[in-house]
Amino acid sequence: MSEQQDWNALSDDQFRAVFRSWVEANCPTHLRFMRKQRPVFNEVSEWYHTLADKGWLSPLWPQEYGGMGLDAGKHIVYVEEWARLGCPRIPDHGIGLTGPLLIQYGTQAQKDFFLPRILSGEHVWCQGYSEPNAGSDLASLRTSARRDGDDFIVNGQKIWTTLAHCANWILLLVRTSTDETKRQKGITVLLVDMTTAGCTVRPIPNLRNEADFCEVFFDNVRVPAANVVGEVDQGWALAKAVLGHERIFLGAPSRPEYAIKRLERLAQDRGAFDDPGFVARYAKLRLDLYDLSAAFERFARVLRAGGVLGADVSVLKIFCSELYQRITEEMLTVAGEEARLWDDLHTGEGDVDAMNLYLDSRAPTIFGGSNEIQKGVLAKGVLGLPSSF
Amino acid sequence: MTGLILNDDDGDLALLRDSVAGFAQRHDGPATLRARRASGDDLDRASWAAMAEAGWLGVMLPEELGGAGLGHAEQSILCEALGQALITEPLAQLSVLSGALIAAAEPGAEPQRLAEGLMSGAAIVAPAWQGADGSTGPIVARSTPNGITLSGRISYVSAAKSATDFLVLAEENGQALLLSVPAISNGLKVAAHATLDGSQLATLTLEQVTVPTQAVLSRADAANAALEQAIAAARLAISAELVGIGTRAIEDTIAYTKERVQFGRPIAGFQVVQHRLVDMWADAEFAAASVSHAVEMQDEGESLERDLAVLAAKARAGDAAVTITRRALHLYGAMGFTDDCDIGLYMKRAVALNATLGQPETLRLQFVARERAAA
Ligand SMILES: Cc1cc2nc3c(=O)[nH]c(=O)nc-3n(C[C@H](O)[C@H](O)[C@H](O)COP(=O)(O)OP(=O)(O)OC[C@H]3O[C@@H](n4cnc5c(N)ncnc54)[C@H](O)[C@@H]3O)c2cc1C
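Those sequence lines, one after another, are chains A and B. Following our numbering, the residues of the first sequence are numbered contiguously, the last one being 389. Following our numbering, the residues of the second sequence are numbered contiguously, the last one being 375.
Covered stretches of chain B, as calculated for chain A (at least 3 residues, CB under 8 angstroms):
hint	stretch
1	127-139
2	194-201
3	253-263
4	331-339
Listed next, with one range per pair, are the computed distances between beta-carbon atoms:
hint	chain 1	residue 1	chain 2	residue 2	range
5	B	A46	A	P205	21 to 27 angstroms
6	A	S388	B	K258	16 to 22 angstroms
7	A	R142	B	I5	42 to 48 angstroms
8	B	A282	A	Q4	57 to 63 angstroms
9	B	A282	A	P28	46 to 52 angstroms
10	B	A46	A	G149	55 to 61 angstroms
11	A	R89	B	M1	37 to 43 angstroms
12	A	G86	B	G22	49 to 55 angstroms
13	A	R89	B	G40	28 to 34 angstroms
14	A	A211	B	F286	35 to 41 angstroms
15	A	N209	B	A132	25 to 31 angstroms
With a straight-line Cα cutoff of 35 angstroms, these simulated DSBU-like cross-link-like pairs (lysine-lysine) come out:
hint	chain 1	residue 1	chain 2	residue 2
16	B	K161	A	K36
17	B	K258	A	K375
18	A	K185	A	K111
19	A	K240	A	K36
20	A	K240	B	K258
21	A	K240	A	K185
22	A	K54	A	K261
23	A	K261	A	K284
24	A	K182	A	K240
25	A	K36	B	K189
26	A	K182	A	K375
27	A	K54	A	K111
28	A	K185	B	K258
29	A	K375	A	K185
30	A	K380	B	K258
31	A	K240	A	K111
32	A	K375	A	K284
33	A	K375	A	K36
34	A	K182	B	K258
35	A	K375	A	K261
36	A	K36	A	K284
Hints in this document: simulated from the structure, not taken from any laboratory. Idealized CB from N, CA, C, for every residue including glycine.
With the hints as extra help, turn the sequences into a complete structure.
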């Protein structure tokens, strides 16, 4: 592992330059601008290990745990450059979810055991929150964990678990007691080895007919009580708190940015820029993206100044996910009669994965708290309106 | 959901609707689509044969050619019902468009043979007339002592791998020709590509393909007029199918959101979801009105009115079905983002049909251009 330095002491521009030049030299070109949004671990392990060796795999973890210890402002630079250079998404639940949770709430033994194994890639994590009957209303989850001596016995089912088929550990929200009056009470965070007897995974083909998310079943799965994070029955607050400033990235302009580049390439090739109707619509999309960046910057500035994000940050996610959809819809308009082909479209400048993006863009209005749920949060938390659900 | 409302005094249209519903019990649309997609075929032979058996392939073919001699009303009701059941064999191309070209041909043995084959299902007759940009793209014809030699490339051909015959648009010295070309011809190559709706669409390459002069179905202005009429008929059929897709997607979404409980109540109980569903329903109502109007116009209207009504119907029905199914998908939550859930297939079929024979904006621009030119 390479030596670390105090990155936060650099200016944003200095840090950007250092990070960019190293990534440019070290992120394998064949992995750049991957068609697949969610590659499995083996497809990108080379990049994962390269980052880990450099000590740059975990931007937010403190340096004592092998992270870069970036503050939120530098983290934004990290994420921006990552997207700009087309680095592939790596299975990042260990880095972005389990790691921070353990660093904040884990025991010393948990940190010592799990953190190095995330960095080495030995443990690949997935996020087991949603259940068949607990989606938007996550607090109604029912997967149960019953105490039995030094263990918990887990029974139930998770669903929509992204990349569970290539993960070996799952961060579970389970119900440890039922209190009818306050459903958020009685939820516990549990670290579960997916190779334990009774845990099975079934991939669910998604809209692109790819295995991307899964069902995960628990049939009397025995989990050591030492794998509880924080206090039993107090997991809800933990699960919420760990998201913190990262909520800003649900509204990061990278998806629409990528999509608009593809739209431009297609439009150029098909002569659409000669069509005033297209140009007017394109201009609207282009400026929406431009202003999304400005809005993102407004929240980023709060973080740079050491502040915390409020409920209002949800506005980014709504705008961003809808813009992404509008761009991919325009792509299909430009594609004309070809907008029914499954495969990528050919242009003089390379292929354009119009249909792939169109289908992919259907998801972000649903996941990460659907747009209706986000609007509920804004109505209540920002406008001070009475709760509607 | 009401869907198309057409005059049905003797109840024939209702019977036709019922017979599609019965058919769908035996030939499940979504299951057939998935199987066809997995096999890489461009036509489900069992469904197609059964559709021939049901008498659905020659609905508008004239009785002289052995067809049912019915009109746009019957054709539209059939297509709407197929859309509802997500039966996605390319009927608009292989039956409506090809049938119209055959019906408009100069009488003779060849159109007779094609008509019989088309109706019985023994022949798969695929129209082939589009250029890469989707508009008419005739290939080059040259008369020789041996017949007519054809060269060029044609895009967006349905069921090209299954086809026995192609109806090809060509041009010789500026004069249009519509010809029938056997699928097994020296110099004819098929390159098929997977489509969003689990089928295949092909590019044909013809290199010095020679056919006898009897292969000519129509020429010059008659050929152009035949094609124009055939395209309009296919557009109308597709519009009706899109109406079927939209209404069914709404019905399914209403059923799903009434079942799906979050926060202690069906999500259809949330006002936001209700308003969404109402918007979807309103889109479907307008689409059904537009398509019903276009169907009536075909019998009653002047030539310009007929054409305008079809352009409007296809644009409206395409936009509506795409928007409705997109919203439906969202209301299904993550379930909608799976391949197992049929709503995604409805969405894909809507997108594919919307892109077929002109996207809404193109059609709207044509409408306005035609209307202003006539004013
Ligand atoms: C691609 C993808 C990846 C995912 N990955 C993971 C993962 O790794 N781990 C994990 O735990 N989960 C994951 N999820 C699940 C995701 O968190 C849920 O889809 C989300 O919480 C919504 O729940 P649901 O799908 O059950 O939809 P539902 O909650 O059933 O919602 C259905 C529809 O109803 C609307 N709705 C619900 N309640 C209200 C209301 N009160 N008012 C108005 N409208 C309402 C919603 O907006 C939505 O349109 C993933 C989902 C997707 C699509």
